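Let chain A serve as the given structure and place chain B on it in line with the hints.
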Amino acid sequence: MRRRKYTTISIPVSLYERIKSVMEGTGFKSVSDYVTYVLREIVAMHERERMASPFSKEDVERIKEKLRALGYL
Amino acid sequence: MVSIPHGGRLVNKVARGERRRKLLKEAAALPRVELDSNQALEVENIAHGVYSPLEGFMCYEEVSHVLENMRLPNDLPWTIPVILDVDEDDLTAVKEGDALSLTFLGKTIAIMEVEEIYRVDLNLYASRVFGTADPGHPGVFKVLNMKPMLVGGTLELLNEMPNKYERYTLHPAETRVLFSERGWKTIVGFQTRNAPHLGHEYIQKSALVFTDGLFINPVVGRKKPGDYKDEVILKAYDALIRNYYPRDSVVLSVLRYEMKYAGPREAVHHAIMRKNFGCTHFIVGRDHAGVGKYYGPYDAWKIFREFPDLGITPLFVKEFFYCRKCGGMASEKTCPHSEKYRVKFSGTKTRRMLLSGIRPPPELMRPEVVDAILRFENPFVEE
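In the order they appear, the protein sequences are chains A and B.
Mapping of the first sequence onto my numbering: position 30 corresponds to residue 30, and the numbering continues sequentially without gaps.
Positions in the second sequence are counted from 1; adding 1000 to them yields my numbering.
Don't read these hints as lab results, they were simulated from the structure.
Because the structure is a prediction, the values reported are computed rather than measured.
Errors might be hidden in some of the hints.
Cut-off 30 Å, straight-line C-alpha distance, at most; resulting in silico cross-link-like pairs (DSBU-like, lysine-lysine) [as the list claims (entries may be wrong)]:
#1 B/K1013 / A/K66
#2 B/K1164 / A/K66
#3 A/K64 / B/K1185
#4 B/K1025 / B/K1147
#5 B/K1013 / A/K64
#6 B/K1025 / A/K66
#7 B/K1205 / A/K66
#8 B/K1107 / A/K66
#9 B/K1235 / A/K66
#10 A/K64 / B/K1235
#11 B/K1095 / B/K1164
#12 A/K29 / B/K1147
#13 B/K1164 / A/K64
#14 A/K5 / B/K1302
#15 B/K1260 / A/K5
#16 B/K1302 / A/K29
#17 B/K1229 / A/K66
#18 A/K57 / B/K1013
#19 B/K1318 / B/K1235
#20 B/K1022 / A/K64
#21 B/K1022 / A/K66
#22 B/K1205 / B/K1164
#23 B/K1302 / B/K1318
#24 A/K66 / B/K1340
#25 B/K1185 / B/K1223
#26 A/K57 / B/K1260
#27 A/K57 / B/K1185
#28 B/K1325 / B/K1340
#29 A/K64 / B/K1205
#30 B/K1302 / B/K1185
#31 A/K20 / B/K1013
Next comes chain A alone, as it looks inside the complex (with noise of 0.2 Å):
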């Protein structure tokens, strides 16, 4: 089965309104377009607010190691 591509969500319709003429001149085709602009855009910022360290103190002593060696640090 084909996966949806997209969903409905609610919004108030004088938020609507409101977006509506905010978008005004902006390029954006419709109002769906622009929520899903400002909504990527929020969502990727807290996405990196909650990304913890990839590294363990042993990867970071061995790369340390490399880099010395190859007169980086």
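Same frame as chain A, but now just chain B:
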């Protein structure tokens, strides 16, 4: 903190120690697929996290999403499929769920779990990625001549390929530690296929004014006749950095990767790779990754408007030139004078001068850089 890897986690699919020994033993009994050097480089790039969050070659759903939406199925920006094409004969004894030994020059470099064997419409693929299906475009030509079957699935790297530029090779985990050790929080990535002239230097230094560090990351790999040889580019940059850059503000390291010449889509792809190396900013050329006249003058800049969630800031720096009236380097944004006062930098012109044995003047290229290039008997790739 340097930038977060694309998708939130730096992929590491390099098998080490006991696991590597075990997988190598297993690989000896598996069906083998021999890779060409570019495919083998893709394997290394996946394993070292250059293509994070990818952990292997893409399956059909990922490829279609990327072609259609310029995003992975999980909505993450991604513009160029990462695929493995193979001959039907290589897969006679292979079915989905099996493991494969990926070899280069007869030696196993990776083991791959075959998730899916599939085909794609190559004309559609080319039109989406390159914006044209014209076989005169080198990227399209390559796609149209791909082997017929694609294999998707995760992999683990068991052996590295021979590397002529080991001294200059840093993987994303290493650049990330290096940037942190240097105390850099903002890092601008610069991609190049050329020996540096003054125009390049000023673009880099303009970006360095408001970032902590500059990551010069030349692409090495297969090139077109007439291009600078890889070793020439590296020696030229060594000379430039030694003489004209504060050493603790710059890192020079190569990216082993085959250019696709996919213009705007490839510009985004390049930015994603540099994000994985830890860059927070990336300099995008006006005709970035372009070839011939296939892309409009600012297409490679416009495409970034589609990606508010890219996680790396593209820098659109206009080209520099020497203005006789200003008496110095300037750009369209800083200089009010007309064309007749402007001396423009041209890679083609510089190459032509070097080929004819003429030293480019210091207003065009630093003398130390010229010396480094001319130490090579033939600095350019031959037919």
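Do the hints match the structure? See the list:
1. B/K1013 / A/K66: holds, 19 Å
2. B/K1164 / A/K66: holds, 17 Å
3. A/K64 / B/K1185: Cα-Cα ~18 Å, so holds.
4. B/K1025 / B/K1147: holds, 29 Å
5. B/K1013 / A/K64: Cα-Cα ~20 Å, so holds.
6. B/K1025 / A/K66: Satisfied, since the Cα-Cα distance of roughly 28 Å is no more than 30 Å.
7. B/K1205 / A/K66: Satisfied, since the Cα-Cα distance of roughly 28 Å is no more than 30 Å.
8. B/K1107 / A/K66: Answer holds: B/K1107 to A/K66 is near 25 Å, not above 30 Å.
9. B/K1235 / A/K66: holds, 21 Å
10. A/K64 / B/K1235: OK: A/K64 and B/K1235 at ~24 Å, within 30 Å.
11. B/K1095 / B/K1164: Roughly 36 Å separates the two Cα atoms, so the pair is violated.
12. A/K29 / B/K1147: violated, 39 Å
13. B/K1164 / A/K64: Holds, because 22 Å separates the two Cα atoms, which is no more than 30 Å.
14. A/K5 / B/K1302: Holds, at roughly 25 Å.
15. B/K1260 / A/K5: Holds, at roughly 29 Å.
16. B/K1302 / A/K29: holds, 16 Å
17. B/K1229 / A/K66: Holds. B/K1229 to A/K66 sits at ~27 Å (cutoff 30 Å).
18. A/K57 / B/K1013: Cα-Cα ~19 Å, so holds.
19. B/K1318 / B/K1235: holds, 26 Å
20. B/K1022 / A/K64: holds, 28 Å
21. B/K1022 / A/K66: Roughly 26 Å separates the two Cα atoms, so the pair holds.
22. B/K1205 / B/K1164: holds, 29 Å
23. B/K1302 / B/K1318: Within the cut-off at roughly 14 Å; holds.
24. A/K66 / B/K1340: Violated. A/K66 to B/K1340 sits at ~51 Å, over the 30 Å cutoff.
25. B/K1185 / B/K1223: Roughly 33 Å between the alpha carbons, so the hint for B/K1185 and B/K1223 is violated.
26. A/K57 / B/K1260: violated, 37 Å
27. A/K57 / B/K1185: holds, 20 Å
28. B/K1325 / B/K1340: Distance ~10 Å between B/K1325 and B/K1340 Cα, so the pair holds.
29. A/K64 / B/K1205: holds, 27 Å
30. B/K1302 / B/K1185: Cα-Cα ~27 Å, so holds.
31. A/K20 / B/K1013: violated, 46 Å
Hints 11, 12, 24, 25, 26 and 31, counting from the list given before, are not met by this structure.
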